[in-house]
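For reference, the chains in residue letters:
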Amino acid sequence: MVNNMEDDKGDGKIKRRDFLTIATAAVGVCGIGLTAVPFIKAMSPTRDVIAAGVMDIDISGIKEGEFRVLMWRRQPVFILKRTPEMISKTRTVDMANLKDPATQEERVIRPDFLVCIGICTHLGCIPSWQPAQIPGLDQPGFYCPCHGGKYDTLGRRLDGPPPENLHLLPYAFIDEKTIKLGAETFAGFSEDIRKIKDLPKA
Amino acid sequence: MAALRAWIDQRFPLTEFIEKHLTKYPTPRNLNYFWNFGSLAGTFLAVQILTGVWLAMFYKPDTTLAFDSVQHIMRDVNYGWLIRYLHALGPTGFFFAVYIHMGRALFYGSYKNPRELLWWIGLAIFLALMAEAFMGYLLPWGQMSYWGATVITNLFSAIPYIGSAFVVWLRGDYSVGDSTLGRFFALHTTLLPLAVIGLLVVLHLAALHRVGSNNPEGIDLDKKGPAVVPFAPYFITKDLWFISLIFTGYLSFVFFSPDLFLEPINLEPANSLVTPIHMTTEWYFLPFYAIVKSIPNKFAGIIAMFGAILILAFLPYLDRSPIRSARYRPLKKIFTWLFFFNFLALGYAGAKLPVGGILLMGRISTVYYFLYFLLLLLIPGFEKINPLPREEQT
Amino acid sequence: MKIRLPSVHWQAIAALTVTFLFPLTIIAAETETSKIDLDFSTAAVKRGAVVFTVLCQNCHSVKYLGYQARLSAKDTQSAFGKAPPDLSLMAKARGRESAGEKYIYALLLSYDQTPQKNSLFPYIAMPPPFSQDDPERPAKAKDVAAFLYFAAEPAAAERKMLGSYVIGYMIILTVLLYLLNRKTWKRIKKKSMQ
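Those sequence lines, one after another, are chains A, B and C. Just so you know, my numbering puts 16 at position 16 of the first sequence, and the rest follows in order with no gaps. Just so you know, my numbering puts 13 at position 13 of the second sequence, and the rest follows in order with no gaps. Just so you know, my numbering puts 110 at position 110 of the third sequence, and the rest follows in order with no gaps.
The hints are simulated quantities; they were obtained by calculation from the structure and are not laboratory data. C-beta atoms are modelled at their ideal positions from N, C-alpha and C, and glycine is treated no differently. Please note that the accuracy of each hint is not assured.
[What the hints assert, rightly or not] Partner residues are not named here, just some residues of chain A that face chain B (Cβ under 10 Å, in silico):
#1 P38
#2 S44
#3 P101
#4 Q104
[Stated by the list, open to error] According to the in silico footprint, chain A covers these stretches of chain B (three or more CB under 8 Å from chain A):
#5 50–61
#6 75–83
Construct the complete structure from the given sequences, taking the supplied hints into account.
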């Protein structure tokens, strides 16, 4: 076999050795990259955390005008059974006056149920439910005690420092008694979704 | 890139260090594959640390949570099963490499002057490694974890006067429990890895580089020893391909038969009221376990077990022959090969109940284990040395 | 006394062969080889899950898959003398590889001779799970064993699938690195022969 080891011999020989080095290095680097994948993925949310993102809520006992808070992915979720008065009141709101305009159809699946994330879009406090009237306004809704943000019974921002309506999360009515809340990879408040049509399927 | 390197080199001995200790480091040309096991051991160390850190993200060192947290890793953590199996089978690869690495030292006289300190640092690494593996095994909190820790910590009660109190202090409780688990976790994840890597391996390499590698001929480089070549690329490519070969084997176990290295009984949560019928330990401890079981007296058994490791430290002074490599010492060659097979026999005896033929074999093997060192002391007096090579070896 | 020994390369080969053969022989000797024909298919696992919920879940939990036992451990302990263990890992706790699954299968069918006591494992407190005249006993036992084998390690299928790719890659990498090493060393070996 011809000596192919001298550095200054013919081109073909060097190319072959370099090719082997380059090929090996390429395969090796791919291997290192692929090895990193399980370690990176291992730091992502575990399967039980993701599974816990989907919850079934029993709404059979909820009465008209009743308000409930529950924890979903460590975030408060508001469920409000809206009375006919609340429904008609929110219909009378002028879109032009809303900082974050949205119609009732854009905010809820069923007119008589508000399901949203109970975190104020200003600085993250939990607004408090005002069944009779929000301070300074002639309607029930949510009033945030931290800086005075005000929301109607569709969770729309009416007054105060909050820039947006209360954020939404995926939900679906399984039957008359159950709402399925959340989706496997839906993070919650940080997804910044305020219209039903933008939500992923529950 | 070159400018960046120059900037660093002005302020930090980067290129100087890399050239002196890695790329241009002079290495005997005639090293055989038994010299690959040091870097192989180092690679397994890296795997254990990487997988260990990741496991520590999810493991809970509490007796009521530990077992479940391991199942959480196996079932819920993405690729948790893979990280767990890599970490559980890693010690097998690690000890495999370390035992052959030490066997190389025994055969080729790598413990002799001027490498005594290198040898002792290596023994310290070996001891730290055994402690690390022992503590790690308690963490899954299975039946064998609990009872293995109970039996081994109980051995210390045989120390006269202070034995019982020492065991209580070691465990932090009157039996293996939460205190024990907590401290074993802390030591296993912090002190021992720091001590093993940070200190001892660095010292080991520093001692090696001060005197240079031994070689299969056992002849010093500055006498009629072998030629040297720079470490790069020759031994980088040699190390890499061999590590890749061994890792192919290691990974085939990880992916296709991890159960071979997991004791079935350890898949039952620890139960302090029920002792497993067959007490056993991981394969790498079996030879020492056999030595303990061979000796009827508990205290003498512990002395023998630790003595078996301690006696290795005296090797530089027990073996007084001026010739390093067993290649040129036919008697040492035979006795050393016998020692290796004897070690395997001890391992086999360690896995079985110490009765009848097994007990006899264990005892004979224990005797030969210690006899070997006496033989090393005696044979220079009457062995015939094979003529050493006159020319440079190629 | 001069002793003729084979060259050190043969010694090395002998050493490595023994080092690998030795443990593999031990493992082979200890491996369970009874001729029980097992089913590992997904269909068997699904059927086994149904059999489990109908026949076993009264007393046994498989907690890591979310199955809770219907009766409390205290009640079953007072009824039979021992609390029924959780079965999530039983298929692995009774043997390596498929040996545990075979163990479970054999146990379930060993109530034949003395109906109220298990002939293979007389010290266990479990009463017979199947009625004596159920013709589907072996099939049900096989399915439950498959289900419990799955329960012990749900990731097993993914592990084996990934394993094929990983080992394939490692073989390619090892060959490439070996060739690279040989090429690298040929340089010196050539020089030294001049």
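Right, here's what the structure says about each hint:
1. P38: holds, 4 Å
2. S44: holds, 6 Å
3. P101: violated, 41 Å
4. Q104: violated, 40 Å
5. 50–61: Satisfied; 4 residues make the cut.
6. 75–83: holds (count 8)
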